[in-house]
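Colleague: Residue 269 is where the sequence shown ends in our numbering, and the numbering goes up by one at each step.
Keep in mind the hints are simulated off the structure, nothing from the lab. Incorrect hints may have been included.
[Unchecked claim] Label pairs and their calculated CB-CB ranges:
id: 1; residue 1: 256; residue 2: 165; range: 18 to 24 Å
id: 2; residue 1: 219; residue 2: 135; range: 27 to 33 Å
id: 3; residue 1: 262; residue 2: 145; range: 34 to 40 Å
id: 4; residue 1: 151; residue 2: 265; range: 26 to 32 Å
id: 5; residue 1: 186; residue 2: 137; range: 40 to 46 Å
id: 6; residue 1: 264; residue 2: 165; range: 19 to 25 Å
id: 7; residue 1: 148; residue 2: 268; range: 22 to 28 Å
id: 8; residue 1: 187; residue 2: 256; range: 36 to 42 Å
id: 9; residue 1: 219; residue 2: 150; range: 17 to 23 Å
id: 10; residue 1: 264; residue 2: 198; range: 30 to 36 Å
id: 11; residue 1: 157; residue 2: 258; range: 31 to 37 Å
[What the hints assert, rightly or not] Derived EDC-like pairs: lysine to aspartate or glutamate, alpha-carbon spacing no greater than 16 Å straight-line:
id: 12; residue 1: 173; residue 2: 160
id: 13; residue 1: 164; residue 2: 201
id: 14; residue 1: 173; residue 2: 190
id: 15; residue 1: 164; residue 2: 174
id: 16; residue 1: 204; residue 2: 267
id: 17; residue 1: 198; residue 2: 154
id: 18; residue 1: 185; residue 2: 149
id: 19; residue 1: 198; residue 2: 149
id: 20; residue 1: 191; residue 2: 149
id: 21; residue 1: 185; residue 2: 206
id: 22; residue 1: 198; residue 2: 174
id: 23; residue 1: 173; residue 2: 149
id: 24; residue 1: 173; residue 2: 206
id: 25; residue 1: 185; residue 2: 219
id: 26; residue 1: 164; residue 2: 190
id: 27; residue 1: 204; residue 2: 149
id: 28; residue 1: 164; residue 2: 194
Owing to the predicted nature of the structure, the values given are computational and were not obtained by experimental measurement. Every residue gets a Cβ at the ideal spot worked out from N, C-alpha and C, and that includes glycine.
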Amino acid sequence: YNKKGNTFLLSSIVSIAFPATGEDVNILFQSSQQLIKEKKYNEAIVQLETILKEFSETSQAKESVFLLANSYIKLNLPDKAEETYLKAIEQYKNDTAYIVNIHNALADFYVYIACRGGKNSTSINPVVNNCTRCLGKILAKNMALEFFTWIKYYWDAN
(Lines of atoms letter the chains of each structure in order from A and count residues from 1; the text may use other names and numbers.)
(Lines give C-alpha, C1' and ligand atoms only; values in the text may rest on other atoms or scores of the structure.)
Protein backbone atom coordinates (compact mmCIF):
# COMPACT_ATOMS: atom_id res chain seq x y z
CA TYR A 1 0.00 0.00 0.00
CA ASN A 2 1.18 3.47 -0.78
CA LYS A 3 0.10 6.65 0.94
CA LYS A 4 -2.30 7.60 -1.84
CA GLY A 5 -3.97 4.20 -1.77
CA ASN A 6 -4.39 4.37 2.00
CA THR A 7 -5.83 7.87 1.78
CA PHE A 8 -8.32 6.76 -0.85
CA LEU A 9 -9.30 3.72 1.20
CA LEU A 10 -9.67 5.80 4.35
CA SER A 11 -11.77 8.44 2.58
CA SER A 12 -13.96 5.71 1.08
CA ILE A 13 -14.57 4.16 4.51
CA VAL A 14 -15.29 7.56 6.04
CA SER A 15 -17.76 8.44 3.28
CA ILE A 16 -19.61 5.16 3.80
CA ALA A 17 -19.63 5.43 7.58
CA PHE A 18 -20.42 9.14 7.65
CA PRO A 19 -22.67 10.23 4.77
CA ALA A 20 -22.09 13.64 3.23
CA THR A 21 -23.93 16.55 4.75
CA GLY A 22 -25.33 19.86 3.60
CA GLU A 23 -22.23 21.48 5.02
CA ASP A 24 -20.11 19.33 2.69
CA VAL A 25 -21.94 20.57 -0.39
CA ASN A 26 -21.53 24.17 0.76
CA ILE A 27 -17.79 23.70 1.19
CA LEU A 28 -17.46 22.06 -2.22
CA PHE A 29 -19.57 24.74 -3.88
CA GLN A 30 -17.64 27.62 -2.32
CA SER A 31 -14.36 25.95 -3.20
CA SER A 32 -15.43 25.50 -6.83
CA GLN A 33 -16.40 29.19 -7.02
CA GLN A 34 -12.95 30.15 -5.71
CA LEU A 35 -11.25 27.89 -8.24
CA ILE A 36 -13.22 29.55 -11.03
CA LYS A 37 -12.15 32.99 -9.78
CA GLU A 38 -8.57 31.72 -9.94
CA LYS A 39 -9.23 30.42 -13.49
CA LYS A 40 -8.54 26.84 -12.36
CA TYR A 41 -11.38 25.48 -14.47
CA ASN A 42 -10.29 21.83 -14.62
CA GLU A 43 -10.15 21.63 -10.82
CA ALA A 44 -13.47 23.42 -10.51
CA ILE A 45 -15.06 21.00 -12.98
CA VAL A 46 -14.09 18.02 -10.81
CA GLN A 47 -15.75 19.60 -7.78
CA LEU A 48 -18.85 20.73 -9.68
CA GLU A 49 -19.33 17.27 -11.16
CA THR A 50 -19.03 15.81 -7.66
CA ILE A 51 -21.76 18.17 -6.45
CA LEU A 52 -24.02 17.12 -9.33
CA LYS A 53 -23.38 13.44 -8.63
CA GLU A 54 -23.46 13.39 -4.83
CA PHE A 55 -25.87 16.23 -4.05
CA SER A 56 -28.13 16.30 -7.12
CA GLU A 57 -31.24 17.50 -5.29
CA THR A 58 -29.66 20.55 -3.66
CA SER A 59 -29.82 24.17 -4.76
CA GLN A 60 -26.03 24.08 -5.07
CA ALA A 61 -26.31 21.31 -7.67
CA LYS A 62 -28.68 23.40 -9.73
CA GLU A 63 -26.32 26.38 -9.54
CA SER A 64 -23.41 24.08 -10.35
CA VAL A 65 -24.91 23.39 -13.76
CA PHE A 66 -24.34 27.00 -14.81
CA LEU A 67 -20.83 27.13 -13.35
CA LEU A 68 -19.93 23.81 -14.94
CA ALA A 69 -21.18 24.81 -18.39
CA ASN A 70 -19.35 28.13 -18.17
CA SER A 71 -16.16 26.36 -17.10
CA TYR A 72 -16.41 24.10 -20.14
CA ILE A 73 -16.89 27.17 -22.33
CA LYS A 74 -13.79 28.79 -20.81
CA LEU A 75 -11.84 25.63 -21.70
CA ASN A 76 -13.24 25.75 -25.26
CA LEU A 77 -15.31 22.57 -24.76
CA PRO A 78 -18.69 23.66 -26.14
CA ASP A 79 -19.98 20.11 -26.60
CA LYS A 80 -19.51 19.44 -22.88
CA ALA A 81 -21.23 22.73 -22.02
CA GLU A 82 -24.21 21.87 -24.21
CA GLU A 83 -24.34 18.35 -22.74
CA THR A 84 -24.39 19.84 -19.23
CA TYR A 85 -27.40 22.03 -20.03
CA LEU A 86 -29.27 19.23 -21.80
CA LYS A 87 -28.71 16.80 -18.91
CA ALA A 88 -30.03 19.44 -16.50
CA ILE A 89 -33.17 19.86 -18.60
CA GLU A 90 -33.83 16.14 -18.32
CA GLN A 91 -32.82 15.79 -14.67
CA TYR A 92 -34.82 18.76 -13.37
CA LYS A 93 -37.71 18.63 -15.85
CA ASN A 94 -40.29 18.93 -13.06
CA ASP A 95 -38.87 22.24 -11.81
CA THR A 96 -40.48 24.64 -14.28
CA ALA A 97 -38.87 27.82 -12.97
CA TYR A 98 -35.42 26.26 -13.08
CA ILE A 99 -35.99 24.86 -16.58
CA VAL A 100 -36.82 28.37 -17.80
CA ASN A 101 -33.43 29.52 -16.47
CA ILE A 102 -31.70 26.60 -18.19
CA HIS A 103 -33.49 27.37 -21.45
CA ASN A 104 -32.36 30.99 -21.25
CA ALA A 105 -28.76 29.94 -20.56
CA LEU A 106 -28.85 27.41 -23.39
CA ALA A 107 -30.29 29.98 -25.78
CA ASP A 108 -27.50 32.41 -24.82
CA PHE A 109 -25.01 29.57 -25.33
CA TYR A 110 -26.31 28.91 -28.85
CA VAL A 111 -26.09 32.61 -29.68
CA TYR A 112 -22.53 32.67 -28.33
CA ILE A 113 -21.62 29.65 -30.46
CA ALA A 114 -23.16 31.24 -33.57
CA CYS A 115 -21.24 34.47 -32.95
CA ARG A 116 -17.91 32.71 -32.67
CA GLY A 117 -18.46 30.72 -35.84
CA GLY A 118 -19.82 27.42 -34.56
CA LYS A 119 -18.75 24.70 -32.14
CA ASN A 120 -15.60 23.87 -34.08
CA SER A 121 -14.27 27.42 -34.09
CA THR A 122 -10.91 27.92 -32.42
CA SER A 123 -11.86 31.42 -31.28
CA ILE A 124 -12.73 31.45 -27.58
CA ASN A 125 -14.23 34.94 -27.57
CA PRO A 126 -16.86 35.98 -30.11
CA VAL A 127 -16.31 39.10 -32.17
CA VAL A 128 -19.55 40.80 -31.29
CA ASN A 129 -18.92 44.25 -32.76
CA ASN A 130 -20.27 44.50 -36.30
CA CYS A 131 -20.97 40.77 -36.44
CA THR A 132 -24.01 40.31 -38.64
CA ARG A 133 -24.74 36.95 -37.01
CA CYS A 134 -24.82 38.69 -33.63
CA LEU A 135 -27.15 41.47 -34.72
CA GLY A 136 -30.00 38.97 -34.65
CA LYS A 137 -29.17 37.90 -31.09
CA ILE A 138 -32.56 38.72 -29.63
CA LEU A 139 -34.36 37.06 -32.52
CA ALA A 140 -32.20 33.94 -32.20
CA LYS A 141 -32.76 33.75 -28.45
CA ASN A 142 -36.52 34.15 -28.87
CA MET A 143 -36.56 31.42 -31.50
CA ALA A 144 -34.59 29.12 -29.18
CA LEU A 145 -37.01 29.83 -26.32
CA GLU A 146 -39.99 29.09 -28.56
CA PHE A 147 -38.32 25.83 -29.58
CA PHE A 148 -37.78 24.82 -25.95
CA THR A 149 -41.35 25.75 -25.09
CA TRP A 150 -42.51 23.46 -27.88
CA ILE A 151 -40.27 20.64 -26.58
CA LYS A 152 -41.62 21.08 -23.04
CA TYR A 153 -45.18 20.99 -24.37
CA TYR A 154 -44.34 17.78 -26.26
CA TRP A 155 -42.72 16.19 -23.17
CA ASP A 156 -45.64 17.16 -20.96
CA ALA A 157 -48.09 15.72 -23.47
CA ASN A 158 -46.36 12.32 -23.49
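Colleague: Can you name, in rising order, the numbers of the hints this structure does not satisfy?
Modeller: Failing hints, ascending: 1, 4, 5, 6, 7, 8, 10, 14, 17, 19, 20, 21, 23, 26 and 27.
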